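Line order of the protein sequences matches chains A and B. Note that the working numbering has the first sequence beginning at 1422, numbered continuously upward. Note that the working numbering has the second sequence beginning at 58, numbered continuously upward.
Hints listed in this document are in silico derivations from the structure and should not be mistaken for laboratory results. A hint or two may mislead.
[What the hints assert, rightly or not] Pairwise CB distance ranges, derived in the manner of DEER restraints:
(1) A/ARG1435 / B/ALA182: 40 to 50 angstroms
(2) B/ARG75 / A/ALA1482: 19 to 29 angstroms
(3) A/GLY1534 / B/PRO183: 46 to 56 angstroms
(4) A/TYR1486 / B/ASP125: 16 to 26 angstroms
(5) B/ALA135 / A/LYS1427: 23 to 33 angstroms
Predicted model only: the values in this text are computed from it and were never measured. We put the beta carbon where it would ideally sit given N, CA and C, even for glycine.
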Amino acid sequence: MTTHAKTALGELARVRGVRAALMASESDGLAAASVAAVGVAEDALAAFAMALLRRARMANAAAGYGDTQFLALDASRGRLYVAARGDLGVVVLGEPDANTGLIRVLMQRALGGLE
Amino acid sequence: MTEHDANAFAEPLLAFVRDTRVQMGLVLETSGRVLAQHGFTRSLDVMSACALVSAIHASAAELGRHLDGEAFGPLHHAGKDRQVFLAPLRCDGRTVLLLAVFDGASSLGIVRLFWQEFARRVADAPRAPTSGAAPDFERELQHNLAVLFGRA
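Chain A with its partners taken away, still in its complex shape (with noise of 0.2 angstroms):
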C-alpha cells in the first residue's frame, strides 16, 4: 500500500460517522488497503462494493450515460460510496448523518493522488 493511499483513507476514516474507508479492484472485488471500526466485514464491503460499481457501469454504459465515476447508496441505517477510477475504486461505509460533501471530496482526492 502507497504512503497516499494509508494517508487517504485515514483522513477517510477520521471523518465523522465514517466506519469504513478502503480501496479495491473492480475486477477482482478484493481489497487492497482497508481501515474500518471492529464489526465491519471489509471483505465483504470490498466485494459488494465493486459488485454494485460494475453493475452500475453496465447500466450506465447501457444507457448512454457514460463511466460511472461515483455512486451513492442511502439506506435506513447508512450510506455506501464508491468513487472509481479505471479499475480501482474507493469505497466508504458511513452513517445516515455523515458529512457527504466531504468524503466525496476525499474519496476524488484518493483516487487523484494515485495516478
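Assemble the complex: chain A is given as a structure, and chain B must be docked to it using the hints.
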C-alpha cells in the same frame, strides 16, 4: 454419490451458485468422486473436471507441504474470459473440494466470500458416514504421490 451426500452438498452448492452467479460449480472428494454439480451440461465434462481438479489439488497440496509444511489453501486461475476458483474444505474428517468457474458476472472477492458461507452450510447439513472405498483410494493416492516425490 449417496443420497445423503446429494442432500448434504446439492443445496449448499445451489445456494452458492445463486449467490455468486458463477457459471459452474462442482463439489468432489479428493479422490475425484463427484458429490454435487451445477452448470455442467454433459456427464463426461463432470468426470473430466473431477479428474483434473483432483490432480491439481493433489499436486498443489503436495507442493505446499514441501514448500510451506502444509497443503496450500484456495487456488485461483484467471483466464481471458473465465476464471476458476478451487478450494478445499474439511468436512467430517475428510477434505472436500469446491470448484467454481465464473466470468465477469462475478468476481474473486464474491466467490471467496461465499465459499466461506458454503463451508458453513455444508458443516450444518446432516449426512451419513462416508463409505470405506473412497478413503482407501485417497490413502493409495497419497501413498503414490509420496512415492513420486520420494518421501515414501
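Each hint, compared with the structure:
1. A/ARG1435 / B/ALA182: 40 to 50 angstroms: Hint holds: Cβ distance 45 angstroms, inside 40 to 50 angstroms.
2. B/ARG75 / A/ALA1482: 19 to 29 angstroms: holds, 26 angstroms
3. A/GLY1534 / B/PRO183: 46 to 56 angstroms: holds, 53 angstroms
4. A/TYR1486 / B/ASP125: 16 to 26 angstroms: violated, 48 angstroms
5. B/ALA135 / A/LYS1427: 23 to 33 angstroms: Since B/ALA135 and A/LYS1427 have Cβ atoms about 27 angstroms apart, the given range 23 to 33 angstroms holds.
Comparing the model with each numbered hint stated earlier shows that hint 4 is the single one that does not hold.
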